[in-house]
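Colleague: Spelled out from the first residue to the last, the chains are:
Number of protein chains: 2
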Amino acid sequence: MDNRQIVLESLPQGKLSPDHFRLQTAPRPQPEDGQVLVRTRYISLDAANRAWMQGATYRSALQAGDVMAGGAVAEVVESRAEGLKPGDLVFADTGWQDYAAVKAAGLSKLPDLQPLTHLISVYGVAGLTAYFGLIECGRPQAGETVVVSAAAGSVGSIAGQIARLKGCRVVGIAGGAEKCDWLKSELGFDEAVDYKAGDVRRALRAACPQGIDVYFDNVGGEIFEAALFGMNNFGRIACCGAVSQYDGAAPSHGPRGVPGLIVTKRLGVRGFIVSDFYDRTDIALAELRGWVESGALKVQEDVIEGLENTPAALVGLLAGENRGKRMVKVV
Amino acid sequence: MDNRQIVLESLPQGKLSPDHFRLQTAPRPQPEDGQVLVRTRYISLDAANRAWMQGATYRSALQAGDVMAGGAVAEVVESRAEGLKPGDLVFADTGWQDYAAVKAAGLSKLPDLQPLTHLISVYGVAGLTAYFGLIECGRPQAGETVVVSAAAGSVGSIAGQIARLKGCRVVGIAGGAEKCDWLKSELGFDEAVDYKAGDVRRALRAACPQGIDVYFDNVGGEIFEAALFGMNNFGRIACCGAVSQYDGAAPSHGPRGVPGLIVTKRLGVRGFIVSDFYDRTDIALAELRGWVESGALKVQEDVIEGLENTPAALVGLLAGENRGKRMVKVV
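Keeping their order, the protein sequence lines are chains A and B.
If you read the first sequence in my numbering, its first letter stands for residue 1, the second for the next number, and so on.
If you read the second sequence in my numbering, its first letter stands for residue 1, the second for the next number, and so on.
Note that these hints are calculated values from the structure, not bench results.
Nothing false has been slipped in among the hints.
When chains are identical, the list treats them as one kind, so a pair holds in a single copy or across two.
Distance condition first, Cα-Cα at most 25 Å in a straight line; then the derived SDA-like pairs of lysine to any residue:
#1 Lys265 to Ala92
#2 Lys196 to Ser252
#3 Lys265 to Leu318
#4 Lys166 to Ala286
#5 Lys184 to Arg323
Full structure from sequences and hints, please.
Modeller: Structural data, given as structure tokens:
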């Protein structure tokens, strides 16, 4: 009973490539007391996967030779823990492999829901991150202008739509005219700024004639800086990630205007991780589900087939290939 | 009846010097309806005076040829407004001159209190800025570690002492061994870091073995960056000013770790200006007065004599000459 695993063979110094990984086969692990053996179904791909290679974040840094870490929707095949039985679905840090023995403590059984992929997109980390980041950190009020970067990505595409549902004017920042058109025509964004087309600060000013009240930041770097210069007094910046900074060496400097503009504009800048809000997950899921089922919120998914394609899928995600939530279907 | 005025003759491109100012004599202004004529008693010197020369902040930018702007405790000598009469003391933006005609709306009569200088230090903008920045933006809890930069300055010396009164471990950052010794021996700081003595990030780590929970930032730049790297998860940064960035051209980049560390550590970074909290001024003053009168909070003032010395006094403040609140006694 073999277990295919994708190992992070070496830590990237510059850009990540599929060559940093290799596929190996190992025996299927045995669960210990308190563990379950799970079979990986859908692996979530996230820009944060790359950040874990840079050093310790909210988890310890990845090392060369590790099975690549990553969260997945997985099915329990053998249980040595109370409360979980074969056939149950969980979201677990399985890593990039067919099977994993994981601690049952902290896992919760996922609802039986179709399509299963929604457990990883809108009802998973992406949807909850968008929801809590926008609502708790951004605190948007109807009529305000909300700007979202990486707006065509998994989190951004949902955050922007939630802002619209809350009555805000929503401006997305994305790479390329095609993504920008899609944000407006399909997802109902009021405006979109193509960051590959030139001066973002100026384009943002044109797209936000009333200034920016809430900026949902997924990217950091120059786009963070551009948004900072466009913020209104008492604006809020929700810091969700810094994808522009992950795929390479650690950045040599940060955005101009920090902390000067934070003072003069009296901004609130707040970083968050979805797990900070787990006690309110049920409230968030109920609201998300209402929107999805009524058709008010569109869920875009980008499903790649085959465990062996996971490295290339992550590299492509970092290059902005995807639209909506990218994941790998293992089985 | 002459009015001495200090004019900002030219806008500094690099460092400010007394040569950017000149003294002139003009006729004493006549108050219009709704105005009062005031005589300037004590001019408050603040790092922000320099920032006003860089561009629009929370006030419009200063222009060459303007009478230099600045707040002062002033005495009403002629009133054409209800509610204020000759002899009343007010805090007003008189600018650097003997007399000013100012709108009465928005002015409030200051309490009759000795020494008068306290109206500009602990009971003025400096004390209120320290109080609200620490309490409202820093939200320190007893037992937490609070770091204050420009700790020997007007705001920092008070903010640090308030943090200590709230039961925190307090670490000040200041320039030079003498100031650092004074923070510990006179003001009761637990530790002090001399930023002129080398690696601030390392020194801060040694001074804060439990990490930093609250950072009260007066300086921006490299010291902001050093503190950011030392912050604990869920820490708070109160952004009060960026004095390291004022006296020169606009900075070419910001601190590293923004926004990456804000995300992974889930920091709250908040800018503020004292006037945002004016509705709670009475509460703050009552608490400050209790501490001052009991001797729990020491007020350090640095009073320079003579309107003509105001330019040199500001230049010296930007160089870190002062200890505590610097002001100019005009009369």
